[in-house]
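When you get a sec, could you build the whole thing from the sequences and use the hints?
Single-letter residue listing:
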Amino acid sequence: MAVTDAPKIITSRFDVADGHTLEGYVRTGGYEGLKAALAKKPAEVVEEVKTASLLGRGGAGFPAGVKWGFCPPGVFPRYLVVNGDESEPGTYKDRILMERDPHQLIEGVLIACYAVGCSQAFLYVRGEMAFAQERIAAALNEAYAAGYVGKDILGSDFSVDIVLHWGAGAYIVGEETALIESLEGNRGMPRLKPPFFPAAKGLYLQPTIVNNVETLSNLPWILSNGGAAFAALGAENSKGTRMFAVSGHVKNPGVYEVEFGVTTFRDLLYAPVYGGGIRGGKELKAFIPGGASAPWLYPEHLDTPLEAGVIGKMGTMLGSGAIVVFDEDTDMVKACLRLVRFFARESCGKCTPCREGTSWLEKILERIVDGHGRPEDLDLLLDVCDNISVGMNWPPKQTTICPLGQSATTPVASAIMRFQDEFEAYLGGPATVTVEVKGPAFVGPVREEVGADA
Amino acid sequence: MARFSEENLETALEIRSRYPIAKSATIPLLHLAQEQDGYVTDDAMEHIAELVGTTPAQVLGTCSFYEMFKREPVGTYLVNICTNISCQIMGGEELLHHAEHSLGIKAGSTTPDGLVTLEDVECIAACTEAPCLQVNYRYRHRITIEEFDQLIEDLRAGKLADEVPPHGTLARTRQHIPAERAAGNADPAGVPEPGWLARNAEGADA
Ligand SMILES: Cc1cc2nc3c(=O)[nH]c(=O)nc-3n(C[C@H](O)[C@H](O)[C@H](O)COP(=O)(O)O)c2cc1C
Ligand code: SF4
Ligand code: FES
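Taken in sequence, the protein lines are chains A and B.
For the first sequence, this note's numbering begins at 1 and goes up steadily by one.
For the second sequence, this note's numbering begins at 1 and goes up steadily by one.
Since the hints were derived computationally from the structure, they do not count as laboratory data.
All the given hints hold, so there is nothing to weed out.
Here are the simulated DSSO-like cross-link-like pairs (lysine-lysine), alpha carbons at most 27 Å apart as the crow flies:
1. A:LYS8 / A:LYS50
2. A:LYS363 / B:LYS106
3. A:LYS8 / A:LYS251
4. A:LYS40 / A:LYS50
5. A:LYS334 / B:LYS106
6. B:LYS159 / B:LYS70
7. A:LYS350 / B:LYS70
Since the model is a prediction, treat every value here as computed from it, not as a measurement.
This is the structure we're talking about:
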């Protein structure tokens, strides 16, 4: 089992009792990255982040430095919006980062604003996270007083306000264009891309960079230690380290920062310093590798390295770093229903395939679980899925304004393709499945002759 | 009386001053209204509309989109039990059923004494600490049935008043930008290229 001795990049202060205060932060190397950034030209800071190949940690995994370059030249003001709306089921990392190391995030925000030329930053924190808001408010107040935020930062010509903003409970607001709508005081409904790519037309229709809390929290280390040092860690297509929340049926559920690529799912689920194995000596049945929207994986995939490219080719994603572990006793039909219910509840209602499709999926699954399912229901479910996500492929083909609709189809396709027998137990007899599902992760049970060494 | 009190109006104006476009303050001001009255009243929405320069209907439209805003009074304590995937498989649904039984109410309703409003909620980002819940948005991690009963008892006895503020109070620490340290809002219609970007042009290799 490969547990690397890679340094902790973003969780290094979790053991420092006063790491959330300015004093504790500065004592442990805080705001050195900002100083290093201010000693460079903004364009050099962008280069440093490109060298680091820092991928976005919000779900889509887009390289941060490249995204920053998408702001149209000469159009000002530019804004930075921090996505702290963390609400993808299974995901728990941004909240800890905000609660335990708020200054690290603030420093990251400052570095990004300096590099991109943003004149104001908004830190959008999920409404339900009262403690995170308190910690950030306290940290901002300290940082302003000490000259780290606001006018003429550290005596330089760099000036930017960071405004703490509250959400109010809506998963869809995590989608970047919905986040912007919400920040403008509206219902959080996504905008069509194009033309509303935030980097071109974002907040108040100005160029806007939206970055995730974890993404930005990496910047102080990158600027202090260099992009090359960051890129020396991890794998070809995924540099550095990443936080993973391992939840469900493991002995030690927890949030772990691990090195990309070198670490495998098996390490995360079974190594004593991480998940510690399936609780109660049970067998692993399946796991979700990257949040509720990600197609499921199975025991034959345990030795896959945690690397975005490799996992993308398999037909799923590391998404928001949320690994949910199911043991052999889990009722996968009920798990599927719960995930689908989530998407049905959270659909913003703007697009027909998503609004109608997700609620039909929920109703059909409900009747199956209630014992009123019909033999043709699995085909019906897949047919509805196919209408939301044509061809059930990966990456999914988009029929809607945002990817939420497609996300609702992944638990359905995963569950039906792999656990048809569990559905049949509810149906009380064999089911027909004729709709074709193309996504490579939507695989049936491994048979002896195929071999289990994926 | 459900417009902002004098003191809250001052806070509201300070919040509004942090946005280049006043309407962006809508959600923070809805929270402030809920903090004042325990829920969002029609009068408060009217006041917010005046403050951010929009119509009460627009404010209602925004308000009604978000789960946290209650437009009717709720219990002193909002108990939100997560039943999403990580909590479901760790006993979250059983916890919810127990809560419904012991409180004698269905999720979505309030106990007759007005103490608790129970809700069945989506993931609250504590998945590794399942099953979990929030009381007025303060977390309880890895909670057992026994601990749940104790929690309700403590709430009833008023023992948690320090830890758990009344419904509506979000962060008890607020951001405050001192005037002399403020960089100022970036008006979308009139902010030039920031001065520090000019450094990119300095030197031969720019
Ligand atoms: C339905 C939906 C929900 C999302 N929720 C979040 C979220 O809670 N937090 C987040 O950072 N990104 C979320 N995203 C991704 C954002 O749209 C965006 O890609 C991300 O914030 C960009 O930051 P990054 O490049 O630093 O990852 C969501 C996307 C979708 C489609
Ligand atoms: S896909 Fe669903 S959530 Fe996304 S914009 Fe359309 S209706 Fe709204
Ligand atoms: S699933 Fe319950 S907190 Fe995330």
